[in-house]
Amino acid sequence: MPTYRPGPVSLVLAVVVALFLLMPLLAVIPVSLTPSRMLTMPTGELSLRHYRSLIEDPRWLDSILLSLRIGVVSSAFSTLLALTFSLGVWMFQPRFTAALVGFVLLPMVVPPVVSAVTLYFLLTSVSGISSFFGYDTWLGVAMAHSVMTVPFATVLILVSLSQLDRRIDLAARGLGASVWERATRIIMPNIKFGIVTAALLSFVLSWEEIGVTLFITSVNAITLPRLMWMGLRDNIDPAIAALSVILIIITVLVLIARSLIARRQPTP
Amino acid sequence: MRGILSDRIGAALLMAPLLLFLILAYAWPFLGVVKWSFTLPTPGLGQYHALLTDDLVQSVFIRTLRIAAIVTVVSVTAAYAITVVWVRGSPVQRVLAEFCILVPFWISVLTRAFGWVALLSNRGLINTWLQSIGFISEPLTLVRNEFGVIVGMSHFLIPFAVFPLASAMRSLDERVLLAARGLGSSRMRTFWTVFVPMTRSGIIGSALIVFVFSLGFFVTPAILGGGRSVMIAELIYLRIFQSPDWGLGAAISVVLVVFVGALMALLFRYVKPKQLV
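From first to last, the protein sequence lines stand for chains A and B.
Residues in the first sequence are numbered consecutively from 1, following my numbering.
Residues in the second sequence are numbered consecutively from 1001, following my numbering.
Hints are computed from structural coordinates only; laboratory data are not their basis.
This one's a predicted model, so the numbers in the text were calculated from it and none came from an experiment.
No residue lacks a Cβ here, since even glycine has one placed at the ideal position from N, Cα and C.
Wrong hints could be hidden among the right ones.
To be verified - Which chain B residues stay away from chain A? Per the calculated CB distances, all over 12 Å, these:
{"id": "1", "residue": "His1049"}
{"id": "2", "residue": "Gly1134"}
{"id": "3", "residue": "Gly1184"}
{"id": "4", "residue": "Ser1201"}
{"id": "5", "residue": "Leu1215"}
{"id": "6", "residue": "Arg1239"}
Claimed, not checked - Some residues of chain A that are not near chain B, with every Cβ distance over 12 Å (derived):
{"id": "7", "residue": "Glu45"}
{"id": "8", "residue": "Arg59"}
{"id": "9", "residue": "Met148"}
{"id": "10", "residue": "Pro189"}
{"id": "11", "residue": "Val196"}
{"id": "12", "residue": "Leu224"}
Claimed, not checked - Which stretches of chain A does chain B cover? Using the computed rule of at least three CB atoms under 8 Å from a CB of chain B, they are:
{"id": "13", "segment": "13 to 25"}
{"id": "14", "segment": "89 to 103"}
{"id": "15", "segment": "115 to 129"}
{"id": "16", "segment": "136 to 143"}
{"id": "17", "segment": "209 to 216"}
Turn these sequences into a full structure, and let the hints guide you.
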C-alpha cells in the first residue's frame, strides 16, 4: 500500500509528457479526414476519400495481405524455434547456457541497421541459388523477420518458464514420462500464455518491421510498412493518415482487451 | 538409468534448430559483411582509413553522437516524470500513465514519425494553428532538420526509457521516503536527495539503452531529417543503395557494432539484465 504519492509538480510534468506522447497519434486524425489530395488540415468539409482509397487501391490491399502472410509465417517459425530452444535450456540446463542465450539475443541488441546489412548480404547471396527465396521475395522477408523476432520470442518464453515450478517436471520425470511427454503434456500447457504472447509479439514485430525490410526488398515484396515508407518519402499521401488512424484504433482496442483479460487472469 | 548421455542428446536436439538457424542466417552473413569491409573495393584497411579521414563520415559520426546525447537527456528526463506517476500515483493516475506509455510503445515507428510530420510540417497542425491566431506570419521550419529528428526520436524512445526506471522505482523501499518526509524534509528535498539517488541504477540503465538505440536509429531520422540531418544508419543505407560503396557501408557497420558492444559491456557492469525489465 504505497502512501508516498507524487506531488503537484510531478503531476504537472507527467501530464506534459503524456500530452507529448499522445500528440502525434491524435494529429493524424484530422489529417486523415482532409478532402485534399495533399497533406493538409481539413478546412471546413471532411471527407472519407482516403479511407476509401485504402480499400479501392489494390496496392494497399496487396501489401496488407503480403504483410499478413509474412507475419504469420515468420511468427510461427520463430515461435517454434524459440520454444524448442527454451525447452532445451530449461529442461537440461546445459553448460554454456548463458553464452548460448546471449548468442540467440544478438539480433535484438545489435543495431538494427547492422542486422539489415547482414540480412541484405545473406539474401543477395541466397538469390544466386534460388529465385523464390532470396532478395526481394516474400519467403526471404519472412526468414529475415524471423531472425529479428526470434530473440523477443525466446525472452518471453524463457521468462514464463522461469516462473514454472520445477517440481512438477521432476514428478513427471520420476513417474517415467519421456522428454516428449514432459515437454508437451507437462511444461507446454503451463506456459501456454507465454507461448501465445511470444507468437503475438513476433507477429506484431514482423507486421510493422521496416528497418530491415527496406534493405531486403525493392519492387516485388512490398510490405505494408514498405508501402507507407514509399508514400512518406516521395509525396506524402494522406491515405497513410487514414491507415495510421485505423492502426492506432486497433492498437488501443487490443491493449484495452489485454488489460481486461490480464485483470481476470491471476498473473504473477 | 537414463543417463547424462541421453540428456545431452535431448538438449542438443531441442536447442540445435535455433542455433543452426542463427548461425546460418545471422552469424555467417555478418562475417561476410566484415569481409566486405576488408575486401571492397580493394583488399586492405582502405575503408577504415577512409573512415578516419573522410570529412563527410566524420561529420555524420559527430552529428550522430550529438543527437544521441540530446535525445538521451530529453527522453530520460521525460520518462522519469511520467514513471514517477506510473509507479507511485493513485490507481487512476497509474492507469492513465500506463495508457500514455503503452499506446505509443505498441504503435509502429512509421506511424509515429508520420504523426510528427503531420504536426510539424509547414502546413501541419502547429504551423496552421500558430498562423491562424496570428502569432507568426511565415511557417516555422520544425521538420526536415535536427529539431524534428530530436523530437521524433525522443518520442520513440521515452517508453523504452520508462521500463528500467520503473523497475528501479518499484524496488525502492518507500519507508525511506516516508521517513524523510516524517523527519521534516520537503517534497522537493525528499525527491532530489532521497528518491533520485536511490533510482540511480535505473537512470544509468535507461540512459544507456536510449543512447545505444539512438546510435543505430534509421527510420525516424530519415523521415523527419528529410535527408538534411543524416545519421550513421542512414549513411550506411546511402552507401549501400545510392552511391554503391559496399565496403564503406560495411566498415561503418562494423565500427558501429564494436562501439555498441563496448557500451553494452559498460551497461552490464552497472546494472543486471533483470533490472532492465
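Hints and how they fare:
1. His1049: 20 Å, holds
2. Gly1134: 17 Å, holds
3. Gly1184: 15 Å, holds
4. Ser1201: 19 Å, holds
5. Leu1215: Nearest chain A Cβ is 6 Å from leucine 1215 of chain B, so the label is violated.
6. Arg1239: It is violated; arginine 1239 of chain B is separated from chain A by about 10 Å at its closest Cβ, not greater than 12 Å.
7. Glu45: 16 Å, holds
8. Arg59: 16 Å, holds
9. Met148: The claim breaks: methionine 148 of chain A does not keep its Cβ more than 12 Å from every Cβ of chain B (closest is about 9 Å).
10. Pro189: 18 Å, holds
11. Val196: 16 Å, holds
12. Leu224: 9 Å, violated
13. 13 to 25: holds (count 11)
14. 89 to 103: holds (count 6)
15. 115 to 129: holds (count 9)
16. 136 to 143: violated (count 1)
17. 209 to 216: holds (count 4)
In summary, the structure is inconsistent with hints 5, 6, 9, 12, 16 from the numbered list given earlier, while agreeing with the others.
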